[in-house]
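Engineer: Sequential numbering from 6 applies to the sequence shown in this note's numbering.
No lab work stands behind these hints, which were simulated from the structure alone. Treat each hint with caution, since some may be false.
[Unchecked claim] Label pairs and their calculated CB-CB ranges: (1) Asp-89 to Pro-51: 20 to 30 Å; (2) Pro-59 to Pro-97: 35 to 45 Å; (3) Pro-51 to Gly-78: 35 to 45 Å; (4) Val-52 to Ala-98: 40 to 50 Å; (5) Val-53 to Ser-83: 32 to 42 Å; (6) Pro-107 to His-49: 13 to 23 Å; (7) Asp-79 to Val-53: 38 to 48 Å.
For every residue, glycine included, the Cβ atom is placed at its ideal position computed from N, Cα and C.
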Amino acid sequence: MRTLAACLIAVVLTACGSAVDNGSGNGGTVERFSVSGVALSGPHCPVVQNPPDPQCADRPVADAEIVITNATGDRVDSVRTAADGRFTIPLPAGDYTFTPQPVDGLMGTPSAQSFNAAVASAITLSFDYDTGIR
6 MRTLAACLIA VVLTACGSAV DNGSGNGGTV ERFSVSGVAL SGPHCPVVQN
56 PPDPQCADRP VADAEIVITN ATGDRVDSVR TAADGRFTIP LPAGDYTFTP
106 QPVDGLMGTP SAQSFNAAVA SAITLSFDYD TGIR
């Protein structure tokens, strides 16, 4: 289940850097990096079957809030997942922690993930919410 999710993320999601005007009026730019990811929920069946039942596959978590903090722990932004569970947000280079928030109807909230957005880095994150089904 998680392997399939990881493969899906690797194939579908990409991240790249881009220069944008920093609004200073002096023509300066700030490197911003597109951080992408997906929130999925699972399991959806009490028993794993072989071959896998498509009805038991992980499902996207829509409208999950992910809070973004910097290296000093200050909140810098947040992002919500789309209907397909995906999100993308541009951030300047730096150290960040993405902390998923609880979602109604799901028992487990994924752990926070920390990373450094730097030049030429590709950042994709996966957050796995637990349904509580066993």
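Engineer: Now tell me, hint by hint, if it's right for this structure.
Structural biologist: Here is how each hint holds up against the structure:
no.: 1; hint: Asp-89 to Pro-51: 20 to 30 Å; verdict: holds, 26 Å
no.: 2; hint: Pro-59 to Pro-97: 35 to 45 Å; verdict: holds, 41 Å
no.: 3; hint: Pro-51 to Gly-78: 35 to 45 Å; verdict: holds, 39 Å
no.: 4; hint: Val-52 to Ala-98: 40 to 50 Å; verdict: holds, 46 Å
no.: 5; hint: Val-53 to Ser-83: 32 to 42 Å; verdict: holds, 34 Å
no.: 6; hint: Pro-107 to His-49: 13 to 23 Å; verdict: holds, 19 Å
no.: 7; hint: Asp-79 to Val-53: 38 to 48 Å; verdict: holds, 42 Å
Violation of the numbered hints given earlier is absent; every hint is satisfied by the structure.
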